[in-house]
Amino acid sequence: MFNLVELDLRLVMFDEKRFIDGYDLKYNIINHLLRLNKFVFNISSHLPLNDQISLSSNEDCQLSFKDVQDNKVISYVDYFSDCKRGQCHIYSYPYQGKRYQSITNNFSYGLFESVREVSLFDERP
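When you read off a place in the sequence shown, starting at 1, and then add 821, the result is the number in the numbering used here.
Quick caveat, the hints were computed from the structure, so don't treat them as lab data.
Just to be clear, a hint being listed does not mean it is correct.
Said to hold, decoys possible - Here are the simulated distance ranges between beta carbons:
| # | residue 1 | residue 2 | range |
| --- | --- | --- | --- |
| 1 | L932 | K859 | 17 to 27 Å |
| 2 | L855 | L941 | 34 to 44 Å |
| 3 | K905 | L828 | 30 to 40 Å |
| 4 | E934 | L830 | 15 to 25 Å |
| 5 | F942 | N858 | 29 to 39 Å |
| 6 | D903 | F823 | 29 to 39 Å |
| 7 | N927 | K887 | 18 to 28 Å |
| 8 | N824 | N926 | 20 to 30 Å |
| 9 | K893 | R920 | 18 to 28 Å |
| 10 | P915 | F942 | 19 to 29 Å |
| 11 | N858 | L941 | 27 to 37 Å |
Unchecked claim - Capping the alpha-carbon separation at 30 Å, the derived lysine-lysine pairs in DSSO-like fashion look like this:
| # | residue 1 | residue 2 |
| --- | --- | --- |
| 12 | K887 | K919 |
| 13 | K859 | K905 |
| 14 | K905 | K919 |
| 15 | K893 | K838 |
| 16 | K859 | K893 |
| 17 | K847 | K859 |
| 18 | K919 | K859 |
| 19 | K838 | K887 |
| 20 | K847 | K887 |
| 21 | K919 | K893 |
| 22 | K859 | K887 |
| 23 | K893 | K847 |
| 24 | K838 | K905 |
We put the beta carbon where it would ideally sit given N, CA and C, even for glycine.
With the hints as extra help, turn the sequences into a complete structure.
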């Protein structure tokens with residue numbers, strides 16, 4: 822695995838404490854794959870909203886990618902008080918997936934040529 826040159830990572834993560842961000846990718850994946858030339862990812866992390874004192878913002882998430890890669894990274898963070906959950910979606914742009922799930926009011930701009938299936942979610946009209 823240390824000789825891996827290309828990686829296409831699709832991940833949905835449910836955690837109790839925090840979202841996956843650029844720091845996780847750098848320290849847990851990229852730093853271990855020294856020959857990695859191409860890294861494409863689409864990661865959606867979800868967490869329950871219990872009694873968190875500090876909630877990550879989209880700006881926090883974007884800042885975590887400052888040292889990760891040359892490609893553009895899109896992120897958005899949403900919190901839903903009615904269902905008591907938060908979600909963070911991060912992906913390398915251009916988006917290469919065929920499905921784009923749980924689009925919200927914080928949906929980012931972009932061209933999505935390969936997307937064939939879309940799902941929407943939001944608490945606010």
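Against the structure, the hints:
Separated by about 20 Å at the C-beta atoms, L932 and K859 satisfy the suggested range of 17 to 27 Å. Take L855 and L941: their Cβ atoms lie about 40 Å apart, and the range 34 to 44 Å holds. Checked against the hint of 30 to 40 Å, the pair K905 and L828 passes, with Cβ atoms roughly 34 Å apart. Evaluation of the 15 to 25 Å hint for E934 and L830 yields a pass: the beta carbon distance comes to about 20 Å.
Distance hint for F942 and N858: a CB-CB separation of about 35 Å, consistent with the stated range 29 to 39 Å. For D903 and F823, the hinted distance range of 29 to 39 Å is not satisfied, since their beta carbons lie about 45 Å from each other. In this structure the supplied range 18 to 28 Å holds for N927 paired with K887, their Cβ-Cβ distance being about 21 Å. For the pair N824 and N926, the supplied restraint of 20 to 30 Å is violated, since their beta-carbon distance comes to about 43 Å.
Checked against the hint of 18 to 28 Å, the pair K893 and R920 passes, with Cβ atoms roughly 20 Å apart. Look at P915 against F942: about 23 Å separates their beta carbons, and that is inside 19 to 29 Å. At roughly 35 Å, the beta-carbon separation of N858 and L941 lies within the given 27 to 37 Å, and the hint holds. Of the pairs offered as hints, the one joining K887 and K919 holds, with about 27 Å between alpha carbons and a cut-off of 30 Å not exceeded.
In summary, the hint linking K859 to K905 is not supported, as the alpha carbons are separated by about 36 Å, beyond the 30 Å threshold. Our distance criterion of 30 Å between C-alpha atoms is met by K905 and K919, whose separation comes to about 28 Å. For the given pair, K893 sits about 26 Å from K838 by alpha-carbon distance, which is consistent with the 30 Å threshold. Note on K859 and K893: the hinted pairing holds, with a Cα-Cα distance of about 13 Å set against a maximum of 30 Å.
Between K847 and K859, the direct Cα distance comes to roughly 14 Å. Compliance with the 30 Å bound is thereby established for this hinted pair. Taking the CA atoms of K919 and K859, the gap is near 19 Å; set against the 30 Å cutoff, the hint holds. Proposed proximity of K838 and K887 is supported: the alpha carbons are some 23 Å apart, at most 30 Å. Restraint check for K847 and K887: satisfied, since their Cα atoms lie roughly 10 Å apart, inside the 30 Å limit.
At most 30 Å may separate the alpha-carbon atoms for a hinted pair to count; K919 and K893 meet this at roughly 19 Å. With a C-alpha separation of about 17 Å, the suggested pairing of K859 with K887 holds against the 30 Å cut-off. Our distance criterion of 30 Å between C-alpha atoms is met by K893 and K847, whose separation comes to about 15 Å. Distance restraint check for K838 and K905: the Cα-Cα separation of roughly 14 Å lies within the 30 Å cut-off, and the hinted pair is therefore satisfied.
In this structure, the earlier hints numbered 6, 8, 13 are contradicted, and the remaining ones agree with it.
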